[in-house]
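Student: Residue numbers (this note's numbering), protein chains in the order written: chain G, 2 to 199; chain V, 2 to 199.
You may find that some hints are simply not true.
Same chains, same label: a pair holds when it works inside one copy or across any pair of copies.
[What the hints assert, rightly or not] Here are the simulated DMTMM-like cross-link-like pairs (lysine to aspartate or glutamate), alpha carbons at most 20 Å apart as the crow flies: (1) Lys-36 <-> Asp-185; (2) Lys-35 <-> Glu-13; (3) Lys-36 <-> Glu-82; (4) Lys-102 <-> Asp-88; (5) Lys-36 <-> Asp-57; (6) Lys-102 <-> Glu-139; (7) Lys-35 <-> Asp-185; (8) Lys-56 <-> Asp-7; (9) Lys-197 <-> Asp-135; (10) Lys-197 <-> Asp-163; (11) Lys-56 <-> Glu-68; (12) Lys-35 <-> Glu-68; (13) Lys-36 <-> Glu-68; (14) Lys-197 <-> Glu-13; (15) Lys-36 <-> Glu-122; (16) Lys-35 <-> Asp-88; (17) Lys-56 <-> Asp-88; (18) Lys-35 <-> Asp-75; (19) Lys-36 <-> Asp-159; (20) Lys-56 <-> Glu-82; (21) Lys-102 <-> Asp-75; (22) Lys-102 <-> Glu-82; (23) Lys-56 <-> Asp-38; (24) Lys-56 <-> Glu-9; (25) Lys-36 <-> Asp-91; (26) Lys-102 <-> Asp-135.
Honestly, the hints are just simulated from the structure, not real lab data.
Below are the chains, spelled out letter by letter.
There are 2 protein chains.
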Amino acid sequence: MADTRDIETLIELMARLPGLGPRSARRAVLALLKKRDALMAPLAQAMAGVALTAKDCAICGNIGTAELCPICADPARATSEICVVEDVADLWAMERGGVFKGRYHVLGGTLSALDAMGPDELGIPRLARRVADDAIGEVILALNATVDGQTTAHYIADVLADSGAQITSLAQGVPIGGELNYLDDGTIGAALRARKRF
Amino acid sequence: MADTRDIETLIELMARLPGLGPRSARRAVLALLKKRDALMAPLAQAMAGVALTAKDCAICGNIGTAELCPICADPARATSEICVVEDVADLWAMERGGVFKGRYHVLGGTLSALDAMGPDELGIPRLARRVADDAIGEVILALNATVDGQTTAHYIADVLADSGAQITSLAQGVPIGGELNYLDDGTIGAALRARKRF
Chain G
2 MADTRDIETL
12 IELMARLPGL
22 GPRSARRAVL
32 ALLKKRDALM
42 APLAQAMAGV
52 ALTAKDCAIC
62 GNIGTAELCP
72 ICADPARATS
82 EICVVEDVAD
92 LWAMERGGVF
102 KGRYHVLGGT
112 LSALDAMGPD
122 ELGIPRLARR
132 VADDAIGEVI
142 LALNATVDGQ
152 TTAHYIADVL
162 ADSGAQITSL
172 AQGVPIGGEL
182 NYLDDGTIGA
192 ALRARKRF
Chain V
2 MADTRDIETL
12 IELMARLPGL
22 GPRSARRAVL
32 ALLKKRDALM
42 APLAQAMAGV
52 ALTAKDCAIC
62 GNIGTAELCP
72 ICADPARATS
82 EICVVEDVAD
92 LWAMERGGVF
102 KGRYHVLGGT
112 LSALDAMGPD
122 ELGIPRLARR
132 VADDAIGEVI
142 LALNATVDGQ
152 TTAHYIADVL
162 ADSGAQITSL
172 AQGVPIGGEL
182 NYLDDGTIGA
192 ALRARKRF
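Work out the full structure, taking the sequences as your base and the hints as a guide.
Tutor: Okay, structure coming up:
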């Protein structure tokens, strides 16, 4: 379909989003074409605006629209606790949990020789300086319960061992609403070892 | 997450695309935020460009970037055949088939009292004028094999009955690569009735 190259380009770009392939990108673009004023123009504008203004927070690596992210700029958040997460998505998940009221450090990945992700790429020296300078009382390692996540957690715990901050990690156990029957053996074992008085 | 309202707005708009919900929209926006220069800015630009330039073709209802769509503007396409489709998506599917070399009429839906879609909304009078004025030899009804699609096809066939144009519809039968075992009874019956000499 010559001459609709713009539309083809749009479909190709949409297809690069996670969860969309060529077929679903085409479907999404058709829906946009049908709602040009109601959806397509506002979406294009919102996207261009965020692309221009989005910034990585200079302190924690979270994404915001200013030099400091809303969490680092919020005086109501405890400055003595840092929660270390792999990714901005994990930070958002923690915030949806609504329990943690301290600050964050976003690694942006895990230690990986294959992906050339070393301590510097993850901002671990920056985290260590922050812990030393800001008299941080507790560092919570909220990394994924994967091999890479736990390797990185152990490395960070080693680096911060002499910092004086308490190093903790998220509890492992039965998820809320979880059925024992469907849980893997490792989780049941961890929940049993960490059992507590009822 | 106050102050990242722009990002929240972007997620809400993305979630209105077909095939994306709140979770997958969040995932898509995170991917965009991580590739701000490589993907987000070009996508915003492509979308804004298409939102500005996309037009419904004055003749057939296809979406293009000029007054006439590339197909209506293409002198190499046969002017004596019109293929009637429900939707631009169906037109794109026909074009991917690569067999039809005539022009189109995009209805933009099917006759539906509930959705207030009558002959005028589907451009059926416009189609009838076109068939009369342009001495169209054949009108191919490529409507979906659903109740609504077939009702609309019968209505159009009635309207065009005295136009002199031959009215045809797509063959029904076993899809290429289809296995009899997995086909519904209706399709097998249709394929058997329309059997042809081997």
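Student: Now tell me if each hint is right for this structure.
Tutor: Hints versus structure:
1. Lys-36 <-> Asp-185: Result: close neither inside a copy nor across copies, 46 Å intra and 35 Å inter.
2. Lys-35 <-> Glu-13: Both, since 18 Å and 18 Å are each at most 20 Å.
3. Lys-36 <-> Glu-82: Neither, since 46 Å and 30 Å both go past 20 Å.
4. Lys-102 <-> Asp-88: Within one copy only: 18 Å inside, 51 Å across.
5. Lys-36 <-> Asp-57: Between copies, since 12 Å is at most 20 Å while 33 Å is not.
6. Lys-102 <-> Glu-139: within (12 Å within a copy, 70 Å between copies)
7. Lys-35 <-> Asp-185: neither (46 Å within a copy, 33 Å between copies)
8. Lys-56 <-> Asp-7: For Lys-56 and Asp-7, only the inter-copy Cα distance (12 Å) is at most 20 Å; the intra-copy one is 29 Å.
9. Lys-197 <-> Asp-135: The answer is neither: 34 Å in one copy and 83 Å across copies each exceed 20 Å.
10. Lys-197 <-> Asp-163: For Lys-197 and Asp-163, the Cα distance exceeds 20 Å both inside one copy (30 Å) and across copies (84 Å).
11. Lys-56 <-> Glu-68: Answer is within; shortest intra-copy Cα gap is 7 Å, inter-copy 41 Å.
12. Lys-35 <-> Glu-68: For Lys-35 and Glu-68, only the inter-copy Cα distance (17 Å) is at most 20 Å; the intra-copy one is 38 Å.
13. Lys-36 <-> Glu-68: Close across copies (18 Å), not inside one copy (35 Å); limit 20 Å.
14. Lys-197 <-> Glu-13: Neither. Shortest intra-copy (53 Å) and inter-copy (41 Å) distances fail the 20 Å Cα cut-off.
15. Lys-36 <-> Glu-122: The answer is between: 17 Å across copies meets 20 Å, while 42 Å in one copy does not.
16. Lys-35 <-> Asp-88: between (35 Å within a copy, 10 Å between copies)
17. Lys-56 <-> Asp-88: within (15 Å within a copy, 41 Å between copies)
18. Lys-35 <-> Asp-75: neither (41 Å within a copy, 24 Å between copies)
19. Lys-36 <-> Asp-159: Neither. Shortest intra-copy (54 Å) and inter-copy (32 Å) distances fail the 20 Å Cα cut-off.
20. Lys-56 <-> Glu-82: neither (23 Å within a copy, 55 Å between copies)
21. Lys-102 <-> Asp-75: within (10 Å within a copy, 63 Å between copies)
22. Lys-102 <-> Glu-82: within (8 Å within a copy, 68 Å between copies)
23. Lys-56 <-> Asp-38: between (29 Å within a copy, 12 Å between copies)
24. Lys-56 <-> Glu-9: between (30 Å within a copy, 15 Å between copies)
25. Lys-36 <-> Asp-91: between (33 Å within a copy, 18 Å between copies)
26. Lys-102 <-> Asp-135: Cα proximity of Lys-102 and Asp-135: one copy only (16 Å, versus 72 Å across).
Against the hints set out earlier in the document, violations occur for numbers 1, 3, 7, 9, 10, 14, 18, 19, 20.
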